[in-house]
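Taken in order, these protein sequences are the chains called Y and A.
Residue numbering for the first sequence is 1 to 245, as defined by the working numbering.
Residue numbering for the second sequence is 1 to 191, as defined by the working numbering.
Derived by calculation from the structure, the hints in this document are not laboratory data.
It cannot be assumed that every hint is accurate.
Unchecked claim - Computed footprint of chain Y on chain A, listed as stretches where at least three residues anywhere in the stretch have a Cβ under 8 Å from a Cβ of chain Y:
id, segment
1, 8-21
2, 24-35
3, 41-51
4, 81-90
5, 144-153
6, 163-169
Stated by the list, open to error - Here are the simulated DSS-like cross-link-like pairs (lysine-lysine), alpha carbons at most 25 Å apart as the crow flies:
id, chain 1, residue 1, chain 2, residue 2
7, Y, Lys191, A, Lys134
8, Y, Lys217, A, Lys15
9, Y, Lys191, A, Lys117
10, A, Lys134, Y, Lys217
11, Y, Lys73, Y, Lys170
12, A, Lys68, A, Lys166
13, Y, Lys217, A, Lys166
14, Y, Lys217, A, Lys130
15, A, Lys117, A, Lys166
16, A, Lys68, A, Lys134
17, A, Lys161, Y, Lys191
18, Y, Lys217, Y, Lys170
19, A, Lys105, Y, Lys217
20, Y, Lys191, A, Lys130
21, Y, Lys191, A, Lys170
22, Y, Lys98, A, Lys170
23, A, Lys170, Y, Lys217
24, A, Lys166, Y, Lys191
25, Y, Lys148, Y, Lys170
26, Y, Lys236, Y, Lys170
27, Y, Lys170, A, Lys134
The beta-carbon is built from N, C-alpha and C at its ideal position, and this holds for glycine as well.
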Amino acid sequence: MRIHANMKMADLVHLNFEVLAVIQRLQIPFGFKDKSVQTICEENGIHVEFFLQLVQWFNERENFPQEQLMQGKAEWLVNYLHHTHHCYLHYQIPRIEKEIEDLEQLAGLPDQSAHLMVNFFREYIREFTAHIEDEENNTFPYILALSKTLSGKMERATFNQRYEEYSIDKYLDHHSDLEEKIFDLQSILLKHLPPPSNNCQFTNLLLEINRLGNDLKDHTLLEENVLIPKARQMEKELKSKTSKQ
Amino acid sequence: MVRILVAEQSYLLRKGLTHILRQFPEVGEIEFLGSHLGIEEVIHHFQPDLLIINSSIATSSNDKTLSKQLPDTCHVLHIINTILPQGAPDNQLSIYDSKVSLTDKISNTIKAVSEHKNIEESEELTPREKLILKHVALGQTNKEMAAALFISTHTVISHRKNITRKLDIKSVSGLTVYAILNGIINMEDIS
Numbered sequence: 001m002r003i004h005a006n007m008k009m010a011d012l013v014h015l016n017f018e019v020l021a022v023i024q025r026l027q028i029p030f031g032f033k034d035k036s037v038q039t040i041c042e043e044n045g046i047h048v049e050f051f052l053q054l055v056q057w058f059n060e061r062e063n064f065p066q067e068q069l070m071q072g073k074a075e076w077l078v079n080y081l082h083h084t085h086h087c088y089l090h091y092q093i094p095r096i097e098k099e100i101e102d103l104e105q106l107a108g109l110p111d112q113s114a115h116l117m118v119n120f121f122r123e124y125i126r127e128f129t130a131h132i133e134d135e136e137n138n139t140f141p142y143i144l145a146l147s148k149t150l151s152g153k154m155e156r157a158t159f160n161q162r163y164e165e166y167s168i169d170k171y172l173d174h175h176s177d178l179e180e181k182i183f184d185l186q187s188i189l190l191k192h193l194p195p196p197s198n199n200c201q202f203t204n205l206l207l208e209i210n211r212l213g214n215d216l217k218d219h220t221l222l223e224e225n226v227l228i229p230k231a232r233q234m235e236k237e238l239k240s241k242t243s244k245q
Numbered sequence: 001m002v003r004i005l006v007a008e009q010s011y012l013l014r015k016g017l018t019h020i021l022r023q024f025p026e027v028g029e030i031e032f033l034g035s036h037l038g039i040e041e042v043i044h045h046f047q048p049d050l051l052i053i054n055s056s057i058a059t060s061s062n063d064k065t066l067s068k069q070l071p072d073t074c075h076v077l078h079i080i081n082t083i084l085p086q087g088a089p090d091n092q093l094s095i096y097d098s099k100v101s102l103t104d105k106i107s108n109t110i111k112a113v114s115e116h117k118n119i120e121e122s123e124e125l126t127p128r129e130k131l132i133l134k135h136v137a138l139g140q141t142n143k144e145m146a147a148a149l150f151i152s153t154h155t156v157i158s159h160r161k162n163i164t165r166k167l168d169i170k171s172v173s174g175l176t177v178y179a180i181l182n183g184i185i186n187m188e189d190i191s
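Chain Y with its partners taken away, still in its complex shape:
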């Protein structure tokens, strides 16, 4: 199905509800009425091509628009990733935590196992939060500053002073893997725990974990295969500008 800017936003969602994630992360308000994708994007100050690239990707997984996304502005991507973080931290992760806590009330699980899961997940939340805070406080501001300096909105001297020691490779040095433990949790629940009594609750937990895991994979793909190469590209550009001067 070919998606285009003139189709109605509501129809786009009907085609694939997964794209709601893109809409949420770009902070597009609901109440679409009969408005087209183009109109709604313009009303909300969103570059329509950027929106379409993401939505197209959600509809056709094996066609990741790496180059197109890299040509877009760093600000767009950072904004998207920032709101994704927010949703993880304030919605998805707390929900899963609550559901794991509820496992403790389930009959059928051996004594300490629910407790073990809770501890495991809380440790994960700590790491997850630290990882995201590092990106929000260091990496994203750095990338935005790079972009501003290149477009002349930030003084070169200010940039140099602020980021004398920093580069995107520094970030990669301690960039930990966020999906790993989510998939570990999934394996433990699916393969290594004895079956619990309430199937419905347990199934729902597994589905949510799986969804988060897959979503984190997408998130990593955007960071590692678009944002970071883009940052490297901007670093290079800035360097070559300097040497010319």
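Given chain Y, work out where chain A should sit, using these hints.
For chain A alone, kept in the frame of chain Y given last:
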């Protein structure tokens, strides 16, 4: 299930390859990349069993770092953008190859990969692996384990890889949970 990473810039080729790959029931997850950018990171996360890579992508990424990143058991098929000479190696796929010839070459590789995986996957943890798992769960480093068990760190690492593959658990804390659930260590041992 065989995990495949396809690094190919042409949309049409990616589509065609997907079509062929999906015919094999052994094929599990397939990941795609359209350029060399970020390929090391994807390999590191995804741990493919088979990499199908266009020769032009292979040349633009640093060859040495690429092969260092690949898991030891990972097979590689190269996509060549020209007609192959006679007697070209079986791990080369030409974009001019017929479907039959492509399917043949891919089939052989997938068979080899999945046979290798099946042998490994059908096993339970060996007593030796359980012992290693116990030490891992107790928080020991590879070096400490090697010293305590009189084996090389290389052996420790290969045991750990096998454990992770069999249990589908990568992180130390995940392995610890497994060890407690299965009575390999006690809750009190770790606090």
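Checked hints:
1. Here the segment 8-21 of chain A counts 4 residues with a CB under 8 Å from a CB of chain Y, which clears the bar of 3, and the coverage holds.
2. Residues of the segment 24-35 of chain A lying with their CB closer than 8 Å to a CB of chain Y number 5, which satisfies the three-residue condition for coverage.
3. Given a C-beta distance limit of less than 8 Å, the hint that chain Y covers the segment 41-51 of chain A holds, as 3 residues qualify and 3 suffice.
4. For the segment 81-90 of chain A, the proposed coverage by chain Y is not satisfied: 0 residues have a C-beta within less than 8 Å of a C-beta in that chain, short of the threshold of three.
5. Counting residues of the segment 144-153 of chain A whose CB lies closer than 8 Å to any CB of chain Y gives 0, so the stated coverage by that chain is violated, three being the minimum.
6. For the segment 163-169 of chain A, the assignment as covered by chain Y holds, since 3 residues bring a beta-carbon within under 8 Å of that chain's beta-carbons and 3 suffice.
7. For the given pair, Y:Lys191 sits about 19 Å from A:Lys134 by alpha-carbon distance, which is consistent with the 25 Å threshold.
8. Our distance criterion of 25 Å between C-alpha atoms is met by Y:Lys217 and A:Lys15, whose separation comes to about 21 Å.
9. Note on Y:Lys191 and A:Lys117: the hinted pairing holds, with a Cα-Cα distance of about 18 Å set against a maximum of 25 Å.
10. Restraint check for A:Lys134 and Y:Lys217: not satisfied, since their Cα atoms lie roughly 30 Å apart, outside the 25 Å limit.
11. Restraint check: the Cα-Cα separation between Y:Lys73 and Y:Lys170 comes to about 22 Å, which is no more than 25 Å; the hinted pair holds.
12. Taking the CA atoms of A:Lys68 and A:Lys166, the gap is near 23 Å; set against the 25 Å cutoff, the hint holds.
13. With a C-alpha separation of about 22 Å, the suggested pair Y:Lys217 and A:Lys166 falls inside the 25 Å cut-off, and the hint holds.
14. Between Y:Lys217 and A:Lys130 the CA atoms are separated by roughly 30 Å; this puts the pair beyond 25 Å, and the hint is violated.
15. The straight-line distance between the Cα atoms of A:Lys117 and A:Lys166 is roughly 10 Å, inside the 25 Å bound, and the hint therefore holds.
16. Taking the CA atoms of A:Lys68 and A:Lys134, the gap is near 29 Å; set against the 25 Å cutoff, the hint is violated.
17. Our distance criterion of 25 Å between C-alpha atoms is met by A:Lys161 and Y:Lys191, whose separation comes to about 18 Å.
18. Distance check on the hinted pair: Y:Lys217 and Y:Lys170 sit about 22 Å apart at the alpha-carbon level, within 25 Å; holds.
19. With a CA separation close to 30 Å, the supplied pair A:Lys105 and Y:Lys217 exceeds the 25 Å bound.
20. Our distance criterion of 25 Å between C-alpha atoms is met by Y:Lys191 and A:Lys130, whose separation comes to about 17 Å.
21. Straight-line distance between C-alpha atoms of Y:Lys191 and A:Lys170 comes to about 14 Å, which keeps the hinted pair within the 25 Å bound.
22. The hinted pair formed by Y:Lys98 and A:Lys170 meets the criterion: a straight-line CA distance of about 24 Å does not exceed 25 Å.
23. Only pairs whose Cα atoms come within 25 Å are accepted, and A:Lys170 paired with Y:Lys217 is accepted, the gap being roughly 16 Å.
24. Taken as a hint, the A:Lys166 and Y:Lys191 pair is honoured in the structure, with Cα atoms around 11 Å apart against an allowance of 25 Å.
25. At most 25 Å may separate the alpha-carbon atoms for a hinted pair to count; Y:Lys148 and Y:Lys170 meet this at roughly 20 Å.
26. For the hint linking Y:Lys236 to Y:Lys170, the alpha-carbon distance of about 15 Å falls within 25 Å, and the restraint holds.
27. Of the pairs offered as hints, the one joining Y:Lys170 and A:Lys134 is violated, with about 34 Å between alpha carbons and a cut-off of 25 Å exceeded.
Of the numbered hints stated above, those contradicted by the structure are hints 4, 5, 10, 14, 16, 19, 27, listed in ascending order.
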